[in-house]
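**Student:** In case you want the letters, here they are:
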Amino acid sequence: MNDLLTPKRLIIRLLLCLALLFVVMFVCSLIGTQKVSLRAVLSGPGSEPGQNTDYDIFVRVRIPRIILAALVGAALAASGVALQAILRNPLAEPYILGISSGAALGVITCVMLGAGITTSVKLGVFEANVSVSVFAFLFALGTVWLVWLIGHLAGGSGITSLLLAGVVVNAFFSALIMLLTSLLDSEKLRSTIFWLMGNITEKDFSTLMVSAIFIVAGILGLFTISQKLNVLTFGVHEAQSLGVNPRAITFAAFVMASFITAVAVGLSGLVGFVGLIIPHCVRLVLGPDHRQLLPASAIVGAAFVVFCDTIARVIMAPEQFPVGVITAIIGGPVFLFLLARYSKKIGYQR
Amino acid sequence: MSIEVKNLCFAYKTQADILKNISFRLKPGFFLSIAGPNGAGKTTLLNLLSGLLKPTAGTITIDGSDLRTYSVKELAKRIAVVRQEFIPVFEFSALQVVSMARTPYVGVFAFESVADQRAITEALEMTDTARFAGRTLNQLSGGERQRVFIARALAQQTPILLLDEPTSFLDMKHQVGIYDLLKKLQLEKQKTIVAVTHDINLAAQYSDTMLLLAASGGYNFGRTQEILSAERIEKLFDVKTFAVQMGPKRFFFPIGKYARDNLS
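Protein chains in written order, with the numbering used here: chain A, 1 to 350; chain B, 351 to 614.
Treat the hints with care, as some may be off.
Residues of chain B clear of chain A, computed beta-carbon distances all greater than 12 Å [claimed, not checked]: (1) Q365; (2) I368; (3) T406; (4) D416; (5) A460; (6) A483; (7) F499; (8) P509; (9) K523; (10) K533; (11) K534; (12) L537; (13) A565; (14) S579; (15) D588; (16) M596.
Facing chain A, a subset of chain B residues (Cβ under 10 Å, in silico) [stated by the list, open to error]: (17) S443; (18) Q446; (19) Y608.
Treat the hints as calculated values from the structure; they're not laboratory data.
Virtual Cβ for every residue (Gly too), placed ideally from N, Cα, C.
Work the whole structure out from these sequences, hints included.
**Tutor:** What follows is the structure, encoded as structure tokens:
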């Protein structure tokens with residue numbers, strides 16, 4: 001009975017993951033184009049604004065950006081875990097399956113209809129902006145359904161048919177996104193393209209707060225069905241024999257995964273492969289039990305995107321480039337490795 | 351827990367009936383084997399009994415109540431299903447697989463209670479799988495994997511156990527090993543066991559009652575030794591057989607065209 005997961009074990013492991021996250025966040029907050037001295041930051045904002053630039057940079061620029069990166073990473077990694085479980089495919093991931101593109105198409109459609117891309121995700125402020133996230137969510141959900149349907153028609157249970165469906169849907173949506181982008185005026189163009197490549201920029205605290213609430217709620221929701229996700233990885237029939245209603249759980253997981261993906265895409269555009277790399281690494285260390293895999297992946301995913309974003313900030317300083325470029329450079333080879341590994345011999349009962 | 355099947359019919363969407371007017375009653379603690387040629391509907395019948403498929407007509411009654419009145423969760427506390435062994439996508443250990451049997455019993459956050467852990471340990475010990483409980487399923491042989499799935503069914507603590515060709519990919523030693531284990535569960539744990547099999551001789555050795563399904567839609571149900579006769583098997587499977595009587599039991603060997611030439 002040694003390796004059964006107990007609440008105590010889970011909490012200790014998650015606290016270790018959290019400690020890692022905070023160390024990464026702390027170290028990355030000190031790294032940047034502008035040298036920031038910790039002592040200066042701790043001395044406070046000063047009596048008048050602009051007096052202590054170190055403090056201003058640290059609190060108004062670095063911290064919000066790092067929190068944003070962490071939120072995006074947590075959402076994408078958790079979404080990847082959930083999608084892999086319900087699709088019984090270790091290569092499923094919101095970006096590869098085209099769900100991120102779907103959400104992005106939703107955002108751009110909304111932008112075309114009026115909202116500006118830079119202000120588009122002030123979720124907390126009830127202007128026209130709320131509609132952006134609603135659009136992103138609905139498009140993401142529609143995409144999941146579409147990819148699943150095409151994958152099903154194209155070859156049922158095979159591990160690659162679903163990926164092919166994702167690739168095709170992704171290509172189609174990318175074309176639509178390009179079409180819509182080319183119609184944008186030059187003023188919006190640069191920010192839109194940067195956003196599409198997965199760009200993490202400073203957001204105000206209210207946006208961060210509301211996004212954080214949504215993402216944490218989504219991850220907690222997924223956590224409550226994590227044991228059922230375990231069972232579901234054995235197939236629909238097996239799940240039913242073990243007392244899990246496969247349709248209800250699949251639907252709930254699809255909705256929650258699409259939701260947190262849509263929030264992440266709204267925040268940072270298309271950041272790929274996080275949902276692939278992180279769950280795989282966590283599985284190697286902690287095993288496939290979703291009660292542990294899901295929260296641990298969310299925390300490690302947060303640390304990973306913070307780390308990648310720091311690289312994106314400093315590697316070609318003072319130029320900054322989108323974090324999506326970094327995650328894709330790391331993620332591409334990992335994807336190929338996993339594809340070679342998993343296309344050999346796996347199966348499940350229908 | 352008794353299983354009663356009354357006038358059961360089933361057809362896949364647009365096709366003709368695959369099962370027609372099947373009725374039988376299985377008393378608690380009995381071992382039933384379901385045999386018949388390919389396409390006769392053996393697995394379909396098992397899926398009907400486990401509630402995965404809904405009958406087009408007729409009823410299945412478990413413990414006095416219609417199968418359809420049970421929720422998914424309640425049914426999982428009464429019927430466990432073992433399918434052909436397979437390697438799952440994710441590398442769960444044998445222990446983790448067996449512990450999933452407790453899903454219908456655990457609360458929202460799904461951590462195993464002391465009672466759950468006891469059921470899991472007992473299942474591992476009875477099936478002799480405790481010694482490789484920490485290994486992942488892809489590190490096990492086919493026979494060991496099938497034992498793990500039987501352990502999971504056992505940890506589910508259901509009075510009824512359904513099995514779909516549990517030994518089809520196993521060698522002789524492991525075939526007998528699995529059936530010995532099933533018989534032990536029947537005798538020591540008073541489980542009602544229903545196994546679909548292609549192996550008439552294993553069925554003849556281990557089961558009390560048999561259901562023979564014909565491709566034409568007919569069926570025979572009764573005590574194993576009364577049901578199994580050379581004529582019936584030759585007609586059912588459309589193959590010549592050689593019958594051997596060993597004590598009270600009768601065994602059958604199929605004889606192909608070339609073998610027949612040599613024997614005559």
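**Student:** Compare the structure with each hint and give your call.
**Tutor:** Cross-check of the supplied hints:
no.: 1; hint: Q365; in the structure: holds (18 Å)
no.: 2; hint: I368; in the structure: holds (18 Å)
no.: 3; hint: T406; in the structure: holds (19 Å)
no.: 4; hint: D416; in the structure: holds (18 Å)
no.: 5; hint: A460; in the structure: violated (3 Å)
no.: 6; hint: A483; in the structure: violated (8 Å)
no.: 7; hint: F499; in the structure: violated (9 Å)
no.: 8; hint: P509; in the structure: holds (15 Å)
no.: 9; hint: K523; in the structure: holds (24 Å)
no.: 10; hint: K533; in the structure: holds (22 Å)
no.: 11; hint: K534; in the structure: holds (22 Å)
no.: 12; hint: L537; in the structure: holds (24 Å)
no.: 13; hint: A565; in the structure: holds (23 Å)
no.: 14; hint: S579; in the structure: holds (35 Å)
no.: 15; hint: D588; in the structure: holds (29 Å)
no.: 16; hint: M596; in the structure: holds (36 Å)
no.: 17; hint: S443; in the structure: holds (7 Å)
no.: 18; hint: Q446; in the structure: holds (6 Å)
no.: 19; hint: Y608; in the structure: violated (35 Å)
In this structure, the earlier hints numbered 5, 6, 7, 19 are contradicted, and the remaining ones agree with it.
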